[in-house]
Each structure stands twice: as structure tokens, then as C-alpha cells.
Amino acid sequence: MYAYDEIDRTLIDERVSEFRDQVKRRLSGELTEDEFKMLRLQNGVYLQLHAYMFRVAIPYGTLSSKQLRRLAHVARRYDRGYGHFTTRQNIQFNWIKLADLPDALADLAEVGIHSMQTSGNNTRNVTSDQWAGVAPGEVEDPRIWSEILRQYTTLHPEFSFLPRKFKFAITASEHDRAAIKIHDIGLRLHKNEQGETGFEVLVGGGLGRTPLIAKTIRPFVHGRDLLSYVEAIMRVYNQYGRRDNIYKARIKILVHELGIEKFAEEVEEEWQHIRNSDLKLEAATIEDIRSRFTYPTYAKLPHMPDELRKAAHDPLFERWRKNSVSPHKVQGYSIVTISLKPVGGPPGDATAEQMDALADLADKYSFGEIRVGHEQNLALPHVAKHDLPALWKALDKIGLATPNVNLVSDIIACPGLDYCSLANARSIPIAQELTRRFANHDTADLIGRLHINISGCINACGHHHVGHIGILGVEKNGEEFYQITIGGRADEKAELGTLIGPSVPYNEVADVIEDVVEAYLALRATPDELFIDTVKRLGVEPFRERVYATR
Amino acid sequence: MPLVRGGNISQDDFVQLADDAPLPEKGAVLVSAARFLADPQVLLQRSDRLGVIWPNNRDLDDLVPHLERIAVVALVFPTFRDGRAYSQARLLRERYAFRGELRATGQVLRDQFVFMLRAGFDAFDVKKQTDAEAFGQTVKRYSVFYQPTGDGRLAAPFRRLQLRHSESASL
Amino acid sequence: MTSPLEQKIRITGPSVVTANRTWDGTVVYRTATKGWSTDLADAAVVRAVPEARALLAEAVADDLGAVGAYIAPVEIGESGKIAPGNLRERIRASGVTIDLLPVPA
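Residue numbers (numbering that gives the first Met the number 0), protein chains in the order written: chain A, 0 to 550; chain B, 0 to 170; chain C, 0 to 104.
Check each hint, because a few of them may be wrong.
[What the hints assert, rightly or not] Pairs of lysine-lysine residues, derived as DSSO-like cross-links and limited to a Cα-Cα distance of at most 27 Å, are as follows:
hint, chain 1, residue 1, chain 2, residue 2
1, C, Lys7, A, Lys475
2, A, Lys36, B, Lys139
3, A, Lys96, A, Lys65
4, A, Lys23, B, Lys25
Since the hints were derived computationally from the structure, they do not count as laboratory data.
Make a model of the complete structure from these sequences and hints.
What follows is the structure, encoded as C-alpha cells:
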């Protein structure tokens, strides 16, 4: 956990009082909506179908139990008792009143949470691996660098009015859980031959109307140069990114139009001017940030405690353990992923009661720490293995022990037309129907790892392009239709999915997905060949034939 | 539009000259980049001060050689959403060491003042009278800053190191 | 950004003007008495472009009352009851179509 110091606290307090004044001016008529819109967006406030929506940042997906309780409080006091965890490690509240927002923000500020730059044309919440600091084999904790970037990008005097939004993601593991290749800037932490920390810098990834996989602009930027290099990229983008067309304004279009070599040259030239400026990170500065992260004092525990051995006789426990428990870097501990995808539930939603209860469980079993992942699930990052049986029982009681992590019913979905003013079609009810179709755990287990991603419009908040199965809602003559792609993935081998056939109406989506899965079961070479590998091996055609033959 | 300079609403002693208007013999003038570049010498030779309005989509290269003899560079915010002039301002101050007046023009509203100050602006063509009057209050909103820029304010990383330093010195 | 008034207005049947109330975001409809109502039944119904344009202009001018005003289709039942004319408007009028997680009472 990063603990705010006086500077961090002062800044968010000042931000809250600024926003309080802005809301006051808006409600008195001193500011028009046109003038206010950018200001509210810079504080994470959207206007959606039913009300204002409030998006709160959870930087690099790390939360303390105290913070989670405060989010529950906001859900209960200012909203309807729910929070929705998003694909960018944020939480959203769907029915917030503008007049209440300054108070909600002040309540959050007390525990070091803010909503700065969770929307608007600025740098968004810096995301990272939800297993940062605990994943076995990690190079080093990427959150130190995420926090350095969070601070650097917060209220940046030059880059707060960019051509379009700008997203960072960082990973320090071989397996990329942060989807860095679909971000404006993706950073892969690694060490050079001298053992110094640095980053492979990728640029120009993103989904939406023009999905593009990020390209490497520099294989190694030394840690001390991270900020100056980032500033060089952003300065080139701020000046030359397109502002005439909202759909062409992301950095990916600039990189694409210039070509990565030319873009890299521009950045390099700019960088040479500033790499020895005040942006150069002194070892002491990095150390200062690092020192504000606290780590648990782990006990020396056996690899296989008696409690676990005993619980293994319970098939329901075993089923959950095999699905939701992952190895920890410290012996005797585990990472527990908490599925927010119960059968028939809205993906990523949690009630205030669940959040409170989970905060208590985090205190009891995970050193008071909770993580949020881009798959819209939560995690308890430091659970002693001997506590797993007790934790499982407690999670089950509050509806948080669905053993479907990474399975077909662990669906990523945007809010869709049920909430979002941009959506063309609904996402959540499609996800809910699919979780019912695949509710049988044995079937889901037989199918194995399979990611379904659903977006209700081309803006792709549900990351449909990179779902093993992607579902995109479109509107045709006033009716909801859905395009289905297969073969996408968001990890270190990121790839965009391919359309398998004509779009289908709302009522047929679940049938088609079932057919796609059936086709896979028939086509896979062996029972352990994953869906994504079968598609890779065979291409889309055999799937198309089987699924659309009778349609 | 009220002009805020040195933190106060003040009289604009520059006259903005249309591209086809005759050049007055006396008095400070503000001209477009196009007029300036068409014949820099005729403008620079005058004994009175010169200001140039530089568009936000044009590289600074053509302006840089003349900076020493220009009193005011006015940068443009066609809308407050268009942030290109922030980069130009920082470059002028931090890279090209421009010491004259850097004026923000266009849609300049209260909620951009702090960003603009930090980027190096020191004069503001404010769109609304109430915003201009609130300048002094508004710029006091923030007392801490994360990023180092050329504006002289001590950014958080350095402030922290100083704090740590004085803490360890007093032990 | 194009103001809603500069956009081409096309209506194919009975329509209303709807927006979100400024202070709390609640869905509201423009009434015939130059006000806003949270009840679609109170909405002023227009059937031709000039009246639609006039109603929208008046709604947009009340920026402090409600934001994001636009013209939305409605259906008029036999009894004269006004119903939303498409899925989006049905969702705005009656809420989400999904099952939410159960919240303890």
C-alpha cells in the first residue's frame, strides 16, 4: 500500500475545494454546461442515461480495507447501494446527484481516494497488474513506478487538455495481466544487462473504432529517464495529435499516420532536450516513493498446512481453490481472486454490504489489502494457505465464492445501453444470459479458459476486440444486433479478434455463443488445447462453417 | 476583455493591429504571425514595443530567432479544450528562455489559470470579468504541485527531498 | 461541438423533448408550460419540425434547469397515454432492464 504524505493529502483536499466551488458556480448558473462539462469530466463525472455517473480511481488496483469501506459508504449514502468495478481499475456509481458530489469527494479524500482524471482528455488512472508485489517471478513491484507516474500525470500543467484521453498501463511480469498492448503507453518493466531497472516502452495501442496493438518505441528506457521520455511522447502528441476529428484524435492514429519510426524520431529529438532536466529521477526520489509503500510482514508458513489438507476432501472447496487461488511469491501464502460474476449478476457489480464484508475479510485474512483487476474481479493478495477454508466459507456467505475465474462465465462487459448514453445496445443482459447458459460448473470446467468480452458500442469499453470471444452491440433499424469475433487476446500475445459471420439479433446471441463453444469442443485437438489456441491453429473458417451452417 | 497582468486587472497598452491596417508611427502594437513574418524588420525597427500573436498549430521555429526583440508573445486558446499553447508556452520559457510577456488569449477561463501560470504565462486576456476579478483567489487554490516546470515553484519530489533532508539534519 | 439547435431535426411521428435535470441528473421531459417534469405523461408532444425546433430551443435555453436536451420519439396509445418510442427511451423512463444484485432491505 502507498500511504499519502502531507503533499498528497493537501493536493486532493485542494482539488475537492476547487470542485466544490465549480459545482456551486454551475448550480448558480455562473457556469454553463458547456463550460462545466470539461471540469466535471476532469473529476470523473459523466452524464449518463439515468443520472450523473461518478467514476473513482483505484490507482494500480490497490485498495486498503479502510478505502473499500469508504467506497461502500459512498454507494450507500449517495447512490443506490452498488458500485461497479470497471476494466480500468476504477469503480463507478450510477445514480449520483451533482449537488452531492463535493461531499462524496470529501468523504473519499479523507481516506486518500480521488476521482481526478478518471475521464476527460487527460491522462487517466494508471493501471497495473493486480498481482503486483505478490506474483511469483515478478521483476520488481511495478506500483512504485505507477505511483511515480500517477503523481507526474496528476494535474499536469501542459497535458490536461490533450487531443483525447490518454491511458498508461504497467506490468513487471512475463505474463501481462495489465493489457499493456492496448494502451496509449504500455510499459514493461525489465532489467538491462547491468541489472538496472528500466522499461520497454510501447505506444499507440487502443481499441475503439480503430483498434491497434501498441508498437515498441524503445526497448529500454532507464528508470531514471522514465518521466522525461514520457514527457517527450506526450509533448509530441499534444502538439501534433489530431484535434479536428474525435475519432482520429488518439495517439494511436498519430503513430499510425506518421509510422512508428518517424514518430520515434520526433520523440527522440524532443527527449534529447529534456532528458537531463528536473524530470530525471534521482535515486533518492524513487526511494522516497518506495518507502511510502508498506508490505506485510509474512510469517514462516508451511507449503501445505493441515487445514488445507483436510479441506481438500470437500469437493466444493476444492473446486473453488483450483479455480480462484493462485500461487504467491511467499511460501504458505496465496492470492485469492474474487469473482464478481455470479450466475445472473451484472459483471463487476458489488453491493455496499459485500464491500464492507470483504473489507472485514481483508483485515482478517489479507493484511487489510484488496486488489482490483481489469477483468472486473477483485483479489485478496496475501492470504495464508491455512486460512483458505475459512475464507472460502465466509466468501460463500456473501455471494463472492463463484468458482468461475477465467472460465466462460467470467465475462467482461461494459455497462451498455442499460446505463450508458453512448451505447447502441445492451451488454449486461447478454452477459447475464450467458452466465445462465454456462452455469453448470463441470461444463465450464470442461471448456476451460475462455474470455468473453462484451461492448455495447464501438467505443469498446468491454474490450470486445481482445476477447477470446468478442461481442459488439450495434443498432440496425432501431433493433439491437451483435457482431461476434473470435481469436482476440489482451495479454503479452495481444491480438484482435476476427469476425465470424453476420450480426445476430439480441435473442440469438446466447445460442450463437453456445454454438461457437460447441464447435470448439468438437474441433480442439486435445482436451487441454485452449479455445484461443484452437482458433489460432485452425483459423476462423471451421468455426464459421459450424456456427452459421444452419443460420 | 479584461487583461490580468502581475495578478491584477490592468490596462492593455498594446493595440491589436489588423493585417491590413496601417502601421502607426508610435505605440505598442500586437500583430498576427502572418503580418510579422511577411516583414519582420519593419516591425522590429520601430522604437515602440512589439507583440506577436502566434497560432497554436504553427511550430515556433520561425519565431525563435526574433524572441529577444519581441516584448509580448500572445498564444491562442481557440477553445479551452485545445491545449497546444501550453506546450508552446513551456518551450518558449524553458527552452528558448523567452523573458518577455507571455499572454494567454482566446477562451481563457478561471479554471485554467493555475495550469497557465505553471506553463509560464504571465498575462491573461480573460474572457469574463468575474473570472478576471477572481484571479487572485483562484491562483491560491493549489499550494502543492507534482511536476517540475520552469515556473520556479518547488515541485513535490524536490520538496520531499528537502523535507527529508531537514528531518535527518535535525536528528 | 455542434449545438443541438444546429443539428438537423428529423421527426417521424409524435415526439417530446427530454433531458437530465441539472442538480441531480434525473430524467426529465419538457412540458407545455415551459417547465420540466419527471413524468412522461406531462410532456409536451410535438408532431412537426417547426414546433419540435421551438420546444427544443426553449429547453436548451434553460441550461440551469436541465442539460443535454434532445428530441425523442414517443408513441401515443388509444387512451392518449404517452409511451417511450424506443428501447433507449424505455430504459430512461423505467430504469435498467437487468436484474441487479439483491440489496438487503
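Status of each hint after checking the structure:
1. Lys7/C - Lys475/A: Holds: Lys7/C and Lys475/A sit about 21 Å apart, inside 27 Å.
2. Lys36/A - Lys139/B: Status holds; Cα separation ~23 Å.
3. Lys96/A - Lys65/A: holds (24 Å)
4. Lys23/A - Lys25/B: violated (47 Å)
Against the hints set out earlier in the document, a violation occurs for number 4 only.
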